[in-house]
Each structure stands twice: as structure tokens, then as C-alpha cells.
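Asker: In the numbering used here, the protein residues as written are 7 to 159.
If you are wondering where the hints come from, they were derived from the structure by calculation, not from laboratory data. Be careful, since some hints might not be right.
As the list claims (entries may be wrong) - As a list, the in silico DSS-like pairs of lysine-lysine whose alpha-carbon atoms are at most 25 Å apart:
1. Lys38 with Lys12
2. Lys142 with Lys124
3. Lys106 with Lys124
Stated by the list, open to error - Estimated spans, in silico, between C-beta atoms of each pair:
4. Pro47 with Leu101: 25 to 31 Å
5. Gly113 with Ile91: 29 to 35 Å
6. His143 with Ala30: 44 to 50 Å
7. Pro127 with Val100: 42 to 48 Å
8. Ser131 with Val44: 54 to 60 Å
9. Tyr98 with Leu130: 18 to 24 Å
10. Val22 with Glu128: 45 to 51 Å
11. Ala23 with Val44: 28 to 34 Å
Quick reminder that beta carbons are idealized off the backbone N, C-alpha and C, glycines included.
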Amino acid sequence: MLKGFKNFLMRGDVIVAAVGLVIALAFSTLVKAFTDFVINPLVAAAQGGNTIGLGWQLNSDCTGQACQATFLNIGEFISAIIYFIIFMAVVYFVLVLPYKHVQARRGITVFGDEPPTKVCPECLSDDIPDAARKCKHCGSEQPQTGGAHSAGV
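The whole structure should be built from the sequences, with the hints applied where relevant.
Answerer: Set out below in C-alpha cells:
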């Protein structure tokens, strides 16, 4: 039982996922600090005045901590949206795009990319693979599309 668990942990996929998670958490902290200490002060400065932040005070007769408890803080919500957009953009451009590129070079379809198809001129089926020589629905010969397959035709 422990040997199987060890083999599971030592697979490359698990190690890569663990390292990716640690890197994502560290990067998440960095982006959170950016939004808290750069974006939030800019939003508060744009609003002007010495207020708690960008938002509305729900209870007008409050003092101290009670004011912060009843403050509808829109600035923090904007900060969370910016944080999410930055984080997802980095994940997409640093992880997803390179992964799709590597897998495409290997001939593997990832993330819902479908292989190119063509329309059969006889039965008008539109799900015929681009490299097909015969229609899978009616059996008619298919004209070859451009590329390596049509060089010998």
C-alpha cells in the first residue's frame, strides 16, 4: 500500500502540479501586495479626501471602528477584480499558451481546440476531418485540401 502511494507521488504529473501550486500561491501573494499597496492607494487618491477608501458609509452616526464596520468598500472590490484579472492573465500567458504550443507541436489537442474539418460536397456533412479521403457518412471520395496530403494527387 505504501509502495503504491510512493509511486503515485513520484509520478511526474504530481510533482509538476505541486510545484505549480507552490509557484501560483507565491505569485498570488505578490499580486495581492501589488493591488493592496499600489492600486488601492491610487484609487483612494483619485477619490480625494481622508476617507477609509472608495465607497459609501451606510451608517452616518458612527465613530471609530463602527464606521469601518458599516462602510461599503467599493475600492476593495475593484482591487479584487484587478487582482483576479492580473492573476488570470499571467496564468494564461505564462502557463496555458506555452502548454498549448508544446502540445500542438506533439499533435495533441488541448483545451477544446478541435481539429480542422471540411464539408462533404455530396451529403453536405460538415464534420469530415480535413485529412479524410472518404466521407464517413456517404462514402464519397473527398477532394484533398492543401498541404502535404495533396502534393501527390
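Asker: So which hints don't hold here, by number, going up?
Answerer: 1 and 9
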